[in-house]
Amino acid sequence: MNAFALPNGAIYLHAGILARMENEAQLAALLGHEGTHAVNRHAVKGHRELLNKSTLYAAVTLGGWGGSLFTVASVTGYRRDLEREADAEGYRRMVAAGYDPSEAPKLFRILERWIEETGVKDPYFFSTHPKVRERIESFESLIGASGGKGVDNRDLFLVMTRNIVRETSQLDLRAGRYESALRGADKYISIPGGEAKGHFLRGEAFRQRNGTGDGEKAVEEYLRSISADASYPEPYRALGLIHYKKSEKVEAREYLEKYLMLNPGASDRSYVERYIRATP
Amino acid sequence: MRRIPVVIFLVLLAAGCAAPPPKPVWVPAEGTFNAKKSGFSLVLPAGWTRVNQEERLMITRDGTSLQFIGVALYKIGVPLKHTKKIFEKEMLPQELAGILIDDLSSAGNIASVEVLENVPARLGDVEGFRVVCRIRFKDGMNRKCAFYGAMRGDQVYDVYFNAAARHYFDRDLGIFEEVARSFRFLPPS
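Residue numbers (this note's numbering), protein chains in the order written: chain B, 11 to 290; chain Z, 14 to 202.
So here's chain B without its partners, still in its complex pose (with noise of 0.2 Å):
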């Protein structure tokens, strides 16, 4: 997870990133601080820094990976004074722009506590826990210096990006990362409209977490699930698995066929009817 701006002043957010973020302010905090590493030409900076070492330039332009440097250290980050600068540079345009101010440690605060859980050991900047812990003492004594109020437009935020949201939450189902998974989806609920694929999302991390009372949790979620839809497909195909792996025929077989009517073309169509076959 990583965001990042190259010397030409293209930024790069990675999506899940995005995904974590509450609201719009935290972006903005963020491309004010990679924006500041583009127009403070911070790689431009590093590279002479580099230059004056010639010996060190020397073998790594023999080596060939010369060139790329411009590019490694926006990535993995710069020297801790220009990593500074960008966070009072960013933080001052994140204000005269108008949003809160308070928001900018809390993005930080989200990424530290998503290193922590996931134990994730990418190189990347916003990945490394001591330099994401900077961040955060940074922008409170940034906050602490100047004060002052803001918008987040947090609603606005929040249904723009809610199909990164929802795809970042299936990623980490996929990964196996029930945790961040669950915590998607619970954001998605949050937005209007992502009840349904929120608690089914909620269901599908609990039943294939599989821990003590799981099952019991996924079947919640997916009746909630119906409750607020009762037209989207997914959950009864779970409830209908769900039945079907204890014998419960009637109940697999009333579940499965609704999940059929719902989603005629339904890509696992063949499972499902071989398991209807099966519940005679």
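A hint or two may mislead.
[Unchecked claim] Pair by pair, the computed Cβ-Cβ distance ranges are: (1) Glu127(B) / Ala59(Z): 49 to 55 Å; (2) Thr77(Z) / Arg102(B): 50 to 56 Å; (3) Arg194(Z) / Pro290(B): 26 to 32 Å; (4) Arg58(B) / Arg184(Z): 52 to 58 Å.
Note that these hints are calculated values from the structure, not bench results.
Ideal Cβ placement from N, Cα and C applies to all residues, glycine included.
Fit chain Z to the known structure of chain B by using the hints.
Just chain Z, lined up with the frame of chain B:
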């Protein structure tokens, strides 16, 4: 003094002659392949080469970057390479297939996996699944894969075919289907 290098040369020469020839890495694949410890056998096609190992099956015709067929075994209860999910004893074939697809999707060098087909199928004499996927790698390479799988005992067997999406997958899919049809579970040794 001059004799010493000559003696060393002769000793090295003798040692070189005495050493057994190195085992070839790749050998012709045709015929029945028995993996007794892993508990399966299958018939390999003519004109392909296989990795010269007793239990590990990996065959190719034009090089592994263009196509390969292999068999992978997964222990129940052990997390897979890319996803943290595990196979469990009471899982349905559809759930087994889902975990293998999730593992493929979670690999760091893969941009996307599109499931083109996922249907019930037999592997040997066991109910299992057959999946066909299109894989887009982050470096832009496009491949397709097909795999059969089933659970027997405390292991999930995965017979897979992976090839460049253009030309090679379609050309060699029929050969893979023959290999997969020839798959037999051997009695536990």
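Do the hints match the structure? See the list:
Between Glu127(B) and Ala59(Z) the Cβ separation comes to about 53 Å, which falls inside the hinted range of 49 to 55 Å. For the pair Thr77(Z) and Arg102(B), the beta carbons lie near 54 Å from each other, so the given range of 50 to 56 Å is met. The supplied range of 26 to 32 Å is met by Arg194(Z) and Pro290(B), whose beta-carbon atoms lie about 31 Å from each other. Between Arg58(B) and Arg184(Z) the beta carbon distance is about 53 Å. The supplied range of 52 to 58 Å therefore holds.
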